[in-house]
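*Asks:* Chain by chain, the residues:
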Amino acid sequence: MSELEDFRGQNPAWCPGCGNLQILRSFKMAMVEMGIEPHELIIVSGIGQAGKFPHYTKCNTFNGLHGRTLPVSQAIRLVNHGMRVLAVAGDGDCYGEGGNHFLHALRRNLNITVFVHDNQVYGLTKGQASPTTDEGMVTGTQPFGVLYEPLNPVALAVSMDAGFVARGFSGNQEQLKELMRAALEHRGFSLLDILQPCVTYNKINTFQWYKQRCNPVGVSHDPSDREAAWRLALEFGDRIPTGIIYRSDRPTLEERLPEIANQEPLVKQPFSQGDVISELENFF
Amino acid sequence: MSELEDFRGQNPAWCPGCGNLQILRSFKMAMVEMGIEPHELIIVSGIGQAGKFPHYTKCNTFNGLHGRTLPVSQAIRLVNHGMRVLAVAGDGDCYGEGGNHFLHALRRNLNITVFVHDNQVYGLTKGQASPTTDEGMVTGTQPFGVLYEPLNPVALAVSMDAGFVARGFSGNQEQLKELMRAALEHRGFSLLDILQPCVTYNKINTFQWYKQRCNPVGVSHDPSDREAAWRLALEFGDRIPTGIIYRSDRPTLEERLPEIANQEPLVKQPFSQGDVISELENFF
Amino acid sequence: MDYTIRIGGQAGQGLQTIGAVLAKLFTRAGFHVFTHQDYMSRIRGGHNYYQVRLSDRPVSSSRSLVDILVSLDKTTVEEHRDELNAGGMIVYDSETIRQKYEGENFLDVPSRQIAMDTAGNRLMENTVAVGAVLGMLGMSLEILEALLNEVFARKGHEVVEQNIAAASAGAQFARENCSQCAFSVPEPRSAEAGATPAGGGAPGRMLLDGTNAVGLGALLSGCRFYTAYPMTPSTGILNFMAAQSKKHSLVVEQAEDEIAAINMAIGASYAGVRSMTGTAGGGFALMVEGVSLAGMTETPVVIYVGQRPAPATGLPTRTEQADLLYVLHAAHGEFPKIIMAPGSPGQAFHLTGKAFDLAEKYQVPAFIISDQYLADSEWSLDGLDAEKIPYHDYRLRAGDLAKLDSYKRHAYTDSGVSPLAEPGASRHLVVTDSDEHDEEGHLIEDALTRRLMVEKRLLKKMPLIREEISPPLYYGAENPEVVVVGWGSTYGVIKEAVDIMGDSSSIAMLHFSEIFPFPDPEKSDFLEVLGKAKSTVCVENNATSQFAQLVRAETGFVFDRHLNKFDGRPFMLEELLDYLGDAGRNDV
Amino acid sequence: MDYTIRIGGQAGQGLQTIGAVLAKLFTRAGFHVFTHQDYMSRIRGGHNYYQVRLSDRPVSSSRSLVDILVSLDKTTVEEHRDELNAGGMIVYDSETIRQKYEGENFLDVPSRQIAMDTAGNRLMENTVAVGAVLGMLGMSLEILEALLNEVFARKGHEVVEQNIAAASAGAQFARENCSQCAFSVPEPRSAEAGATPAGGGAPGRMLLDGTNAVGLGALLSGCRFYTAYPMTPSTGILNFMAAQSKKHSLVVEQAEDEIAAINMAIGASYAGVRSMTGTAGGGFALMVEGVSLAGMTETPVVIYVGQRPAPATGLPTRTEQADLLYVLHAAHGEFPKIIMAPGSPGQAFHLTGKAFDLAEKYQVPAFIISDQYLADSEWSLDGLDAEKIPYHDYRLRAGDLAKLDSYKRHAYTDSGVSPLAEPGASRHLVVTDSDEHDEEGHLIEDALTRRLMVEKRLLKKMPLIREEISPPLYYGAENPEVVVVGWGSTYGVIKEAVDIMGDSSSIAMLHFSEIFPFPDPEKSDFLEVLGKAKSTVCVENNATSQFAQLVRAETGFVFDRHLNKFDGRPFMLEELLDYLGDAGRNDV
Ligand SMILES: Cc1ncc(C[n+]2csc(CCOP(=O)(O)OP(=O)(O)O)c2C)c(N)n1
Ligand SMILES: Cc1ncc(C[n+]2csc(CCOP(=O)(O)OP(=O)(O)O)c2C)c(N)n1
Ligand code: SF4
Ligand code: SF4
Ligand SMILES: [Mg+2]
Ligand SMILES: [Mg+2]
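Residue numbers (my numbering), protein chains in the order written: chain A, 284 to 567; chain B, 284 to 567; chain C, 157 to 744; chain D, 157 to 744.
Hints listed in this document are in silico derivations from the structure and should not be mistaken for laboratory results.
Fair warning: there could be bad hints in the mix.
With a cut-off of at most 20 Å between alpha-carbon atoms, the simulated EDC-like pairs for lysine to aspartate or glutamate come out as follows [to be verified]:
#	chain 1	residue 1	chain 2	residue 2
1	D	K403	A	E542
2	C	K403	B	E457
3	D	K688	D	E634
4	C	K256	C	E234
5	C	K564	B	E457
6	D	K544	A	E418
7	B	K494	B	E547
8	C	K616	C	D570
9	D	K402	A	E418
10	C	K559	B	E323
11	C	K402	A	D558
12	C	K311	C	E332
13	D	K544	A	E562
14	D	K230	D	E251
15	D	K403	A	D558
16	C	K403	B	E323
Note that this is a predicted model, so its numbers are computed, not measured.
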């Protein structure tokens, strides 16, 4: 059992009003509700505002390189499938620099969760367009405005038959907490794309902008209906559905890999040279 | 006007029976039919069996790194939108090593074409699984068989609202030639994923395997219907639809970028120091 | 006269604006100005500062002690109150920072109140602060008024007037309330005071940082394609080029990652235009394979690497010189490379031009290595000599190609340099390959062609490129007893230390800004100078003396002493003087 | 006795099988064997060969001239007919290659026909060829039969018998038709002939290439996680480890790219197991940022870099030693690194073990640099001494952690080495960061912590690691006049040249296999040896003498002569002897 206080970390260096602060709060609430203790979780993060997340709570932490949360997380899970592994990334981190890993993590379907703090902009590097920035947004680097379509991570994940795909909004903390729980509880890869205002650099997709649009999906939506999920995923305009968009029941990699399936985590399996020495004989 | 003979290059070093040979032939036929001459085309290729393609025909050639055809092609097109630019890649090249570029090229929608020689295996490096290898295939590197879902590039491209998405089969040379024409004629980014047997390393998806399954999409299919396209794209089993799966009418980047839209290609625009020297004044 | 003004506060409080305005107006007033910045990797809050030095003699470094500390928050007071020069003053607004300090070093300027009173807008408190500084220095507000006019013209007459009023009130308050202020600033040199900007090459007072200097150099070199993935401290060049693309025929594309950036830059160059990319050490790691591609395909490309403290993410907004050997040896295989490491904005401008010229002339990748310190530091200059930026198009275009019977992209030649043609500009095919290839560019595997290509690409070109490299810059006494050696951004601080110490001791600087190919010791006497000196010191902003390692590998010379700093901060003038054994002098 | 057999043909013709079978049976017969391969980057066709040398004296290199040329196609005859030793023979099948050659050097063995006649299966023509070679050498077929039994046991008795019949017929044909064959091979040393394989460490005849040696070393070092993206010449290790994962508790994952591979390897190590990745120079380029991450987070990781001719894609299946300085200086920032460059399969085995041990002991990235030549070359050995592979788990596990009151991942210590704990194994949190961090692992920006961390991570650890490095291997005459220096895969050829020339001249070898930290010249006398020699030669399979550059940078020593080869091929013994001025001797 844990309490909110157990998850107090460094003082956040985020701007006042930043959506990250609300995400952090939802996260701590989810942890406490789930009864997870700090040492029972490994958070892997990238570089960006979102990447600072684990320092602002308490957990085992690997704050790695920009864009590389997923390879690190997946390897940790392969080595220790007894641990909960959460990857925390920015939209630039996960869909820009790390886009290739995202594609292939969706395929591997290891039981890890990724929170993408999607502020539709590069925050830490001061406001350039990210892969999810709206068409037309003018920045110092995009003087004519963004001239192409944003990437829709939710639709992409559904297309790739992801294990679990959800969209949240930092401003709806209660729903967000539930989505975090559901994502962490899902057996397999879970993507939670969290829309989050960047009060400093994103003057288009503001808190109000999201608030007006974000709309929890109705109970009638069946997340196992891939086509319905895909249609819902494509909605990103006057209405943005939040909630669990898609869920599939694919087996996870750790369940299929004979070395670890139904076994102790690899890190707990004993090693002795005597077990492998006979391999030398093949060369005589 | 050109003739087949104009496109004779080095002798292919591919295995006898390799699907690449048929793809090469369809390509030359398309060139001649379209009346394109060798110097009117730039082919950018990666590393892999497919990457050798431009050497086996005649064209301006940039045979670059494994996985990097798309950044090179896109830059060439930005600099010279008067030239036709074709990228030729393997499935490992484009969806493995180069996956991130693929995602973002779909977004940019520059008027270039990519042929992916999709043999569902790494050919040149001797038979490891590629992103499109079928689940279960055993290789020297995947001793337990591939344990996760293949990437479906066609569905992914439709989800990303690609300009033009088609699937071909090397064994249907006539259709393939038509698809190549259509892809090259499309205004915007066009993906032609070409299923191709690798006689040496892919003993599952053989010529016969493809032949039995590949089925041209009916005339009733409307490629501008994204949902229908997506449904079709997901079919990859006993029946594999070939043909133009999806087509959108998004504007291309070169039409939207003020420096080049409705202008001479950048490479033809004159430069003189006199035009820019006044920029020094801003620092006085 | 030599004053240092440090403006400290939180990110988002506007301290950069205050610093920039002061720096610009001191420059226009005809002073020599040097600024540098110290900031955290966060967008709001934290503790940052901007330091402006003005003098009537040339200055090219920052000092540890300050004369006027403008404190926008309490932290600034606490962190820096012990870093005052004799007679130094701390300016603050007790209302804003909610703290009152006693002592004759403190000047409490009610900036917020004055802003409200004079302009009805508390946002003008920073303008009040600027005015207060001018008041303390006893300077007139003439130039500031002109500057405010320029800056706020777009916002309308009223805003300009409000700003001027706020500044005047601030100045007046300072004049009236700072009896203890003992600053004395000469009248601006009349010829230059408020002088209208003059065009390139003409004399005038220019204020330029390393970032914009590289940008201007690229622009004048005919760079037509710039692509990058944002990364501190290189993003400034991306922004500069993006802004230019609104005015000039130039394409700027933000890449999805650094791998895309370098490959795009190479693709653009293959297609026929000059191209460039920029990043920091970490992003450059992802470009390494592309550098090798440029080497193999002999595609000219210019790469800017802004160093920052590493490994990995390190200290993203700070400075270090620890990527020299890394960049020098980057990429698999062997091929020629050119490395420029400018020491000042002026050098950055010219060496960027040289990098573009040599990259295209020899069809190789050329690097500009800089760092956060140089990127952000502003220097006042008389102007830039645009004549020194060579522009020659070495490529074969339609007209040239039409005259050729045949064309081979990688033809063997005496110089090793093969003809570089624009693909599509003629019937001649332009073929190149990342695999080893023959003269036509097609892939081969035989030993002979391989050997001939290595000879062509590497062994023949390398000595020719070396011929183009200028010797290190020698500055100081003849037959010096002490030689201080540096490379890149330490130029300014070493030069000033030599100026100061030169009066009393026999000292000189050798500064290397064209690093690779390493300057030929036969072409100048730098090895003799070093050999004859009683003491040689190599000053580097890193922990492992990378440049000294290079010097030993290239020449065998071993330095007597090394001065290394690796805490993410640049050398302050006093630090270097201390080290060089001249700490006693306080009249610097 | 010293024979060279070269089997040439197209990819896909089975020449590798012939070569491998011959090499293995010669080894079992008690001979000293050395093989190397020369192949193109294509799957079918082209021209490839496999070369097997057997001798009654130790051999460790390949020779230029051959004694038996097995030609599976016409090209092989044409390309190599002039490379025969006196008395050398060319074996071919005029039916298969559709060409008849006259001359007493030719032996036309109707392999296809014999295969049909004896086994009813033309696919056995290669077995006939193996038999023919044994017949020419006058060797018995006993060991071959045992081998065929092992290899084809799975395919059933009949296949074994057919193969044996085909081989016997081939041998008989050769004995009967090769009157001009003057080869003479001593009887196998009885103790070893057909001896059953003996376990690790016990004497016996082993045949091992560089790839499998590294794989075995990793396996015995407790490597539990291997990840890579396929790339010649490193894929063999991936395949070896994948095969092991069917038998042992070890996870092997093919990554989507090299960036993923290095980050996965680091993630796995952070999680608590020993991990490794491997690639070639081009793929390593994409790992460079990850190396820096390992450096900053102090995460142990072992990285195998198989060199091949570059830049860029280069010659993918050939050999070169041109990535030394690149790997040595790879990655931004400064942190300790360990580099091993084994010269033989035996060294590869032991140094892989040392790399794993030191990587974990000091929490740094450790490299094994090899190349295509070493990776593919097989050496006969008496066995491997598994005792020399240290295995000590340096990590804090649940039991250790339970005893601690507090834990700081990056705690300052005298040695600079902080405690490395398994995350999740206790209530203690394991926190690390690619940003500069404090003792707990949380990100910081202050100058003091930065400085202390650099001191801890780099300056304190580096000398300790250097202490662990063994001096170069000295081999040959005492007080030699000529010293031949090499590193990595040139070990074998230099050693043999020294053996041969040692009879008539005063010559010795210095071979460096533990390259970085560079061996301390105070710990052994290699600098004196070099200094005293009349002539020093540095032999490198590259164009720019990279190791010589390193030696100069580290010690100031400058070689008299350099022997460089950069055509993608390894040094042949005769080439080196020629160069060393001993071309006259033919009795080698
Ligand atoms: C290899 C590399 N490239 C670039 C950077 C610079 N960088 C740091 S964070 C960032 C993007 C931040 O955007 P996002 O991932 O959306 O996170 P946010 O700050 O918006 O939360 C970039 C480009 C880096 N650290 N490493
Ligand atoms: C950076 C890098 N990594 C790995 C390789 C090795 N490599 C060459 S081709 C290839 C994959 C080939 O597969 P694919 O792209 O599907 O092409 P195919 O040969 O099947 O046509 C690989 C892994 C390389 N050349 N460069
Ligand atoms: S810049 Fe944007 S994302 Fe970053 S902390 Fe500030 S508000 Fe949040
Ligand atoms: S290995 Fe496969 S893809 Fe490559 S040439 Fe042979 S058949 Fe074609
Ligand atoms: Mg973001
Ligand atoms: Mg393939």
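*Asks:* With reference to the structure, classify each hint as holding or not holding.
*Replies:* Here is how each hint holds up against the structure:
no.: 1; hint: K403/D / E542/A; in the structure: 9 Å, holds
no.: 2; hint: K403/C / E457/B; in the structure: 48 Å, violated
no.: 3; hint: K688/D / E634/D; in the structure: 11 Å, holds
no.: 4; hint: K256/C / E234/C; in the structure: 12 Å, holds
no.: 5; hint: K564/C / E457/B; in the structure: 35 Å, violated
no.: 6; hint: K544/D / E418/A; in the structure: 62 Å, violated
no.: 7; hint: K494/B / E547/B; in the structure: 45 Å, violated
no.: 8; hint: K616/C / D570/C; in the structure: 8 Å, holds
no.: 9; hint: K402/D / E418/A; in the structure: 50 Å, violated
no.: 10; hint: K559/C / E323/B; in the structure: 19 Å, holds
no.: 11; hint: K402/C / D558/A; in the structure: 67 Å, violated
no.: 12; hint: K311/C / E332/C; in the structure: 31 Å, violated
no.: 13; hint: K544/D / E562/A; in the structure: 16 Å, holds
no.: 14; hint: K230/D / E251/D; in the structure: 11 Å, holds
no.: 15; hint: K403/D / D558/A; in the structure: 10 Å, holds
no.: 16; hint: K403/C / E323/B; in the structure: 31 Å, violated
Taken one by one, the earlier hints fail for this structure at numbers 2, 5, 6, 7, 9, 11, 12 and 16, listed in ascending order.
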